[in-house]
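With the hints as constraints, model all of the structure from the sequences given.
Reminder that position 65 of the sequence shown reads as 65 in my numbering, one-by-one numbering, no gaps.
With a straight-line cut-off of 30 Å between C-alpha atoms, the simulated DSBU-like cross-links for lysine-lysine are:
1) Lys72 - Lys168
2) Lys168 - Lys106
3) Lys102 - Lys154
4) Lys62 - Lys12
5) Lys102 - Lys84
6) Lys168 - Lys70
7) Lys148 - Lys158
8) Lys115 - Lys166
9) Lys130 - Lys166
10) Lys168 - Lys130
11) Lys89 - Lys115
Taking CB as the label site, the calculated pair distances span:
12) Ile46 - Thr144: 44 to 50 Å
13) Lys130 - Ala74: 43 to 49 Å
14) Tyr153 - Leu99: 19 to 25 Å
15) Lys148 - Ala50: 32 to 38 Å
16) Gly91 - Ala150: 24 to 30 Å
Rather than coming from a laboratory, the hints here were simulated on the basis of the structure. In this text, all values refer to a predicted model and were calculated from it rather than measured experimentally. Glycine is no exception: its CB is placed at the ideal position from the N, C-alpha and C atoms.
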Amino acid sequence: MRERINNQIRAKELRVIGSGNENLGVLSLNEALAIAEEQGLDLIEISPNALPPVAKIMEFGKHQYETSKKQKKARAGSKPTETKSIQIKIGTGEHDLSLKAKTASKWLNEGHRIKIELFLVGRSKFMDEKFLQERLDRVLKLITENYKVAEGYKRGPKGLTITIEKAK
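The following block contains the structure:
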């Protein structure tokens with residue numbers, strides 16, 4: 001066990017935390033290992049980037065259990081965000097646009113990203129770019145939530161798209 005610990009901890013001096021979470025101060029590596037062996041516990045490096053590095057005297061299995069529990073709790077607390085999609089056409093009416101903007105506002109409030117697609121068919125694919133952007137802006141003006149543009153106007157094979165997300 002001692003060889004494995006020596007390979008992990010390369011610093012000559014460590015800030016050592018005892019088994020009861022008490023601060024033992026800055027000790028040499030050999031002193032810290034002696035205290036850990038005396039208590040029948042392991043010396044585990046907690047924060048290697050600190051100056052001096054921080055190590056704790058505790059059971060290695062208990063340390064693994066606590067870190068896995070923290071990771072599970074962090075994963076459970078985070079919500080996955082999706083990219084939701086809204087499609088409009090050039091001739092979409094104002095009422096339909098307001099309904100789509102209302103659902104977009106709801107999705108933004110939930111924290112999702114939204115990809116708004118201006119679906120182009122036939123000759124409308126060759127229309128002026130500024131005119132098409134104005135058509136997309138009609139929906140953006142109707143959205144009630146605060147948002148920021150994640151990805152600007154992009155020309156794709158099916159039309160023009162813009163991606164927005166909630167402003168922080």
